[in-house]
Amino acid sequence: MGVGMPLADRKGKEFSEQPKETNSKSKKGRRRHRKASQVQKLFETCKEVFAFGGTGIVPPPADVERLRLVLDSMKPDDVGLSPEMPYFTMPVTQRGPAITYLHIHECDKFSIGIFCLPPSGIIPLHNHPGMTVFSKLLFGTMHIKSYDWVVDAPCTATVNANHAAMEPPGIQLAKVKVDSDFTAPCNTSILYPAAGGNMHCFKALTACAVLDVLGPPYSDPNGRHCTYYLDFPFANFSVDGVSVPEDEREDYAWLQEREEKPEDIAVVGATYRGPKIVEK
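Take the sequence shown: its letter number 219 is residue 219 in full-length UniProt numbering, and every next letter is one higher.
Warning: the hint list may mix true and false statements.
[To be verified] Cross-link-like lysine-lysine pairs, in silico, DSS-like; alpha carbons within 30 Å at most:
#, residue 1, residue 2
1, K203, K177
2, K203, K175
3, K175, K41
4, K203, K276
5, K35, K109
6, K280, K261
7, K261, K41
8, K35, K75
9, K109, K203
10, K109, K175
11, K175, K145
12, K35, K280
13, K175, K35
14, K280, K75
Quick caveat, the hints were computed from the structure, so don't treat them as lab data.
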């Protein structure tokens, strides 16, 4: 999901001119000083990987792997974060603890940002229409559950006799892709427009930071609107012509689109204060 806020204008400190150094050791020091940050490397890689991207366009496998390797190597220090920061100790409200989003970069091709979740922070089940999404857990332990649509499954269902009080309209069959706890350091997760768990939800079991790259980003004018869902066990409903072996039913669920943004999510924007991106 994408929640952004403009980066604040911040002037760097001015340093007085230093005497010129001629020895090789000093030259090496200057070369080290000019070395690009990991965030800059991530930005440059995203520019190349998503250069010809658009809705539903997945980068070539070699480019997906290249971006994954950059994200796999990133650590909290690379973005100026630690679990002791105030983002990860937000007070609990009736809706649960607030989640902070740090906006790093967004253009029409991709976006980069970080979700900071205190313990028990939840990002409800939502989709990523036409996007390829990379999520890197920088620290913490998080439960992730994700689904993909079952292709050609009927889009409506009748209520099972045992759940006659429930009458949600327009539910659709989905298959569970992931339902597990993840603890950093771990590999970057990747989801695709029609595979890999395009609908997912997060629950922070400890303080967590998730670095997200979306290609392309959410855009209402371009039909990439974030939709939230409710999920129901497969056994709750029955549809003519749809059957699943009893021992596999836990691998399927019915998803229903939510008409409004869930009340149990509170996301606030904050200024990213880690290494800055230099656009060349």
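Handout entry: In rising order, the numbers of the hints this structure does not comply with
Key = Structure breaks hints 3, 6, 7, 13.
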